[in-house]
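Make the complex out of the two chains shown on their own, each in a separate frame, by following the hints.
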Amino acid sequence: MSRLLRQPAVAVGLLGLLALLVLVSFPGLVTDHGPNTQTLSQRLVPPAWMDGGSSEHLLGTDHLGRDIAARTLHGGRVSLLVGFVAATAASVLGILLGLVAGYRGGWVDRVVTEAANVWLAFPFLVLAIATVAVVGSDLSVLVVLLAVAAWVTPTAITRAATASLRGEDYVHAAIGMGASDTHILRSHVLRTVMAPNLVVWTLTVGTLVVIEGALSFLGLGVRPPTASWGSMLNDGRAYLETAWWLVAFPGAALTLTVALTNLLGDGLRDALDVRTESR
Amino acid sequence: MTSPDPLLEITGLRLEAGAADAPARLVDGVDLAVAPGEVVGLVGESGSGKSLTMRSVLGLLPSGVRASGGRVGWDGEDLLAASEPRLREVRGGEIGMVYQDPSQALDPLMRVGDHIVETLRLHDPRLSRRAARERAVEALAAVGVPDPARRSRQYPHEFSGGMKQRAMIAVALANRPRLVIADEPTTALDVTIQAQVLDLLRTARDELGTAVVLITHDLGLVAEIADRVAVMYAGSVVEVGPVGELFSDPQHPYTRGLLASRPHLAARGAALPAIAGQPPLPTGRPPGCAFHPRCPLAGDLCVTDAPLLELRGPDHRTACHVPAPEGALR
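So the sequence lines, in the order shown, correspond to chains A and B. Note that the first sequence covers residues 2 to 280 in our numbering. Note that the second sequence covers residues 59 to 388 in our numbering.
Every clue listed holds true.
Cβ-to-Cβ under 8 Å is the rule here; a few derived chain B residues that face chain A: (1) Leu118; (2) Glu147; (3) Gly150; (4) Gly151; (5) Met155; (6) Tyr157; (7) Asp159; (8) Gln162; (9) Ala163; (10) Glu176; (11) Thr177.
Non-contacting residues of chain A with respect to chain B, defined by C-beta distances greater than 10 Å in every case (computed): (12) Pro48; (13) His64; (14) Leu65; (15) Arg105; (16) Trp108; (17) Asp110; (18) Ala116; (19) Leu140.
What the hints contain is simulated information worked out from the structure, not anything from laboratory work. Cβ coordinates follow ideal geometry from the N, Cα and C atoms, glycine included.
So here's chain B without its partners, still in its complex pose (with noise of 0.2 Å):
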């Protein structure tokens, strides 16, 4: 959107799982752009169906959630109808994959070193074994692994915690990829290696020009690192916009919600504020728009008909019947 041509441009997707004739609907109806170099943030709680949303574009759904609609452009080609030998070359040639806990994503009996030597031979097979260790233990400094030769031939349970995410990054970043999906990169960490983490992301961005897709719960991680913003709410993107905009003039209530239960420093004590009842399952979402039973500024074309994703400022989307009255909510 704010480019012209986008790397990555998810329309109309539609995830379902259980019985074709009363499916549940886990993403219903996404859509969302990547820009070459972008870090876009998709934010959301558990169940929203931002993990999904992305798995879709590697072709990694679980089993018995298929796509039944809408397009996974990739560079003009659509990845939803790629055969599995392609999506093998995407996957972790063209986008690599970040995961949330590096200590269940590495394997415990291959040396740290071996997993970039993997990738890199997975991808480029006539890359010889000798060449490939090289440019792990290379990979590996690029990350800010010290000692990398010593360190690359050791196993991941002699790898900490920080360490580890480091590696997966390595991993990731091994074949050069346009695109990079980080789900949770830094929610099973300490504090102060997130940051770190993320200083990594934002290497590979500016130095590679490798576009991000950060998937997290944590607005802090978004506000620090991203360029735009996607808040998704029930299968469903609400609101998009630039990190700035987002943040300074939120437009949509789910949004308003999730940026005032936010802890404040100044507000020691009191009780955080939080968005009253639960979000919907997927088998029993509300007719019209999806927040309207916990929003509080639900009128009765909310409860009929579901919003569009439409224009607010410039590059900033809702989906939302009600206009936000300035400052109503925060």
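Bound-form chain A, shown alone (with noise of 0.2 Å):
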């Protein structure tokens, strides 16, 4: 663990995340406005520090008077949330499918990787406009969708990994000393995948931060009044030319975000990765 703070790109990734888990966690530490309280009478307030506005909405407020903190505050809740949850869910089913389809090979294999492929030829957009239309839109809908988005990397990546640990000499040693495959599969397999699935799970998070606020942006994310990023940048598309600070904020935290995920990502992946550690 010390060994990974010492990559600069992890430290500040793990630090930035944990920063913004932690405001978006505790919205009160910066602002005292509900995320869906309406003020008519202080509409497009700017940010504190321009002329005309307040101290009291240090981001400024938007068309119906929210202040615009709070509401990026509170909207990067959802927004981590589905990424969180939803990464974590595709990693969980991409890993099992995985370990299954390279230990066991054969048919299980060719089944799951044929499902990988019209997946990947699928769009994915068009899956989900259907479903939100079918079933509605919903957080668990969502996080639904995020997850069935993304189970293909982390399948593709612990099914390779696995396959080539098959032929392992120590697999055959645990074989050889009465290991039963669901034996060998949790004590020798998974502590091998998790490292390149730990690195996949974290570019994910971000990626469907992502996913999350153009279904957001698209009206198929949560509905309002509930603020995410991605409903506040369509909200706010509207205003582009008169009062831009009711984009920027909750863009500059999405982007924020991505950006800190996938240092993370990389820097994680620079540390475990046993290849590019021996240069």
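Below you can see the structure in the form of structure tokens.
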């Protein structure tokens, strides 16, 4: 762990994300306003440091007089929650499928591989629109959709790593000392596939936060008035020329989140990958 | 054969691969018996089927290879017919396995001691992790790993090759098996380490009464440690006997060829004698005696009829039609 933190990318990414999580979890640290409280007398107030700004609203207000800082932080809750939960679900699903496909081989492997190929060829947005049209949009629907969206990568890397481990002498040696298949998967294969999956998980969080933003932007995400970065971008789009702060702050938060997860993911890859380490 | 009650008794074992109508006979009617506490050397060149024969004992044949005949008797039970759960009990519990390359056979992400903990707990789920750790340290101490308590918490990459093989042997012996199969256990090691590893196997035999099957192509190792030797050629045992007798009075021309092609200090500079030709592929074994195309003594009978293992001396059997003329090829 201390070796990991010595990687600057890992340290910055991890601390940045932690700070973000704290802010999003306790928005009271920054603002006392509720995310959905409308004050119609104070519409489109610019950020505090600009002319006409007030210290009341640090990042200004939107077209309904709602506090941008509060909405950005509360929206971050939705975006990050969905991103983390969905990425975790996708990793768990992918690891299980990859372990079975890579270890068993044969028809199981072919089914999983073909399913992944078909999935990759399928336009996700169409599926998302169709799903939301049928079952409606809801936080849990969003999580399931995004988890399903991201299952291929963890499956593929787990499957490849497992299949190559299957031929290792120490796996044969474990069989030779009486280990069952499940025991080998649990105690020998799993620990080896965890490192690349940790990297993929981190990068997936970033990707899913963006996809969640896109879906909410299109109105397929959480229902208004619940804030989410994507829906805030959509709301503020009409005022882009007169009140840039409506989109700038949720946009910056989204960008920052993705940059931090990518930084963390890249750092972890460098730190955990034996091949780059030996150089 | 030495003992009326062999621990392991392989009879007529046939292993095949490929299409059912034209299979490659990888192992073709092997007979081999190991008595309790006996060290048997199984000698042969690559592809002679010696490793496959012993893998079939544990039900660990590579995919595509199947047993098509014979019996692997283990204490009265036929392991070829045993269920997978029963085989898992045997593997690592009753029969231990030591592999050729210790640096490949230990999980690089697992502490060395945990390998022993793992095999102990696989065969005795009621054993607590703590108790298993203590026994792992004892097991490492028993195979001569210095500072075993500290070393058991290290990872395989912190061990030297010889130390890794000691740890492998500790894993193989952890459950006090009645037989250890050592598949070329010293091939990947320095010569100086080889002797120490052999000593460990010998100690296991002397102190625990563990029988050992040593698979090797190194006749020197066999001479040093084995009680009996079985020589395999092209999927069959061609000669089996007590080590002293087999070395001093080899009966099969192939065994004689092997012994003659060892380097001697006395004959420095001279070219080593070699057996002419190549061993046949499993798909293209010649009819009759598989060795006849390379045999200097082959007669008409050798071309048509496969010889059977016949008694040539006390407990010394050879599969050869030509009786050995005393000292003919030595």
